[in-house]
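Enquirer: Under our numbering, think of the first position of the sequence shown as 1, with each following residue one higher.
It is worth saying that the hints were derived from the structure and are not from the lab.
Among these hints, one or two may not hold up.
Stated by the list, open to error - DEER-style ranges, computed between Cβ atoms:
| hint | residue 1 | residue 2 | range |
| --- | --- | --- | --- |
| 1 | ALA94 | ASP141 | 36 to 44 Å |
| 2 | ALA36 | GLY107 | 42 to 50 Å |
| 3 | GLU85 | GLY39 | 18 to 26 Å |
| 4 | ALA106 | ARG148 | 15 to 23 Å |
| 5 | ALA36 | GLU167 | 45 to 53 Å |
| 6 | GLY39 | ASP156 | 34 to 42 Å |
| 7 | VAL144 | ALA67 | 32 to 40 Å |
| 8 | LYS123 | HIS161 | 20 to 28 Å |
| 9 | LEU128 | ALA36 | 22 to 30 Å |
| 10 | ARG160 | LEU132 | 35 to 43 Å |
| 11 | GLY39 | ARG135 | 22 to 30 Å |
| 12 | GLY129 | ALA106 | 25 to 33 Å |
| 13 | LEU43 | ALA183 | 24 to 32 Å |
Model, not experiment: these values are computed from the prediction.
Glycine included, every Cβ here is placed at the ideal spot set by N, Cα and C.
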Amino acid sequence: MLKPNPLAFPHIIFDLDGTLVDSLPGIEWSARQALAACGAGPLRRDLGPLLGPPIRTILAQATGIDAPHRLDALERAFRDSYDTEGWRQTVCFAGARETLEQLSAAGAALWVATNKNRLATGKILSQLGIRLLFREVACRDSRVPAFRSKAEMLIDLMERHGLNPSECLMVGDTREDAAAAGAAGIPCAILRHVAPAVLPPVFVCPAENTGGKTRIGRSAAGATTAWNSLLTSIWVNQP
């Protein structure tokens with residue numbers, strides 16, 4: 001006899017940067033290394049609020065550089081730095097690993113969809129000891145040609161594995177994550193770790209937009225409370 005699944009969303013797809021891990025120190029360090037290598041001057045903007053999109057977009061926004069050939073050189077220099085040393089500065093957010101372990105133990109299928117490249121993503125997840133918790137890790141360059149957007153990545157992931165959208169939840173930290181989930185037809189829980197001015201601390205953005213956002217709880221300052229709110233939103237019956 002099959003046991004009822006205690007989860008409202010048996011399939012949970014996580015963003016990586018800013019959601020599960022704090023990658024800002026390493027990205028900022030490698031961005032400065034790349035700027036110095038290319039003689040491009042200092043960063044013009046704080047990188048924290050810019051994290052989420054592909055690194056080329058982040059570098060363009062942080063430097064004001066828009067010439068393709070200069071961005072090509074800057075991106076290459078960044079990847080040379082980040083893929084060898086910068087990624088090592090990445091750490092899990094407080095409560096993230098414990099939440100993943102609880103969800104996995106309860107029978108949830110966990111997935112990752114990230115704009116990061118495969119090389120750095122694999123190194124980070126392995127170093128943090130959480131790689132084996134995920135059924136699959138989908139990156140921007142997981143296929144050729146590369147995915148054009150995170151929405152395309154989500155749709156491909158669900159189609160290849162036959163996932164029912166009604167059983168999937170995206171967990172992220174940016175408007176891009178919410179928009180990608182909406183385009184893929186699944187709800188999105190947003191966690192606020194780094195840039196609380198962007199969105200409310202925790203909310204669910206419905207896949208079928210009814211004109212508002214369904215809140216699932218406010219978090220106090222601190223990532224652990226946000227993770228507790230996320231667990232509360234996912235469990236159908238609390239112990």
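Enquirer: Does the Cβ pair GLY39, ARG135 satisfy 22 to 30 Å?
Expert: This hint is violated: roughly 44 Å between Cβ atoms.
Enquirer: Return holds or violated for the Cβ distance of GLU85 and GLY39 against the range 18 to 26 Å.
Expert: Cβ of GLU85 to Cβ of GLY39: about 20 Å, so the range 18 to 26 Å holds.
Enquirer: Is 35 to 43 Å a correct range for the gap between the Cβ atoms of ARG160 and LEU132?
Expert: violated (20 Å)
Enquirer: Falls inside 34 to 42 Å, the C-beta gap from GLY39 to ASP156?
Expert: holds (39 Å)
Enquirer: Range first: 22 to 30 Å. Now tell me if the beta carbons of LEU128 and ALA36 are that far apart.
Expert: The hint (22 to 30 Å, Cβ to Cβ) holds, given that LEU128 and ALA36 are roughly 28 Å apart.
Enquirer: Would you say the C-beta atoms of LEU43 and ALA183 sit inside 24 to 32 Å of each other?
Expert: holds (31 Å)
Enquirer: Per the hint of 36 to 44 Å, is the separation of the Cβ atoms of ALA94 and ASP141 within bounds?
Expert: Once the Cβ atoms are compared, 30 Å apart, the range 36 to 44 Å for ASP141 and ALA94 is violated.
Enquirer: How does the Cβ-Cβ distance of ALA36 and GLY107 compare with 42 to 50 Å: does it lie in that range?
Expert: Since the Cβ atoms of ALA36 and GLY107 sit about 48 Å apart, the hinted range of 42 to 50 Å holds.
Enquirer: Within 20 to 28 Å or not, the Cβ separation of LYS123 and HIS161?
Expert: At 24 Å between Cβs, range holds.
Enquirer: May I ask you to test the hint 32 to 40 Å on the CB atoms belonging to VAL144 and ALA67?
Expert: violated (26 Å)
Enquirer: Mind checking the hinted window 45 to 53 Å against the Cβ distance between ALA36 and GLU167?
Expert: holds (47 Å)
Enquirer: Do the beta carbons of GLY129 and ALA106 sit within 25 to 33 Å of each other?
Expert: violated (19 Å)
Hint check: violations occur at hints 1, 4, 7, 10, 11, 12; the rest are consistent with the structure.
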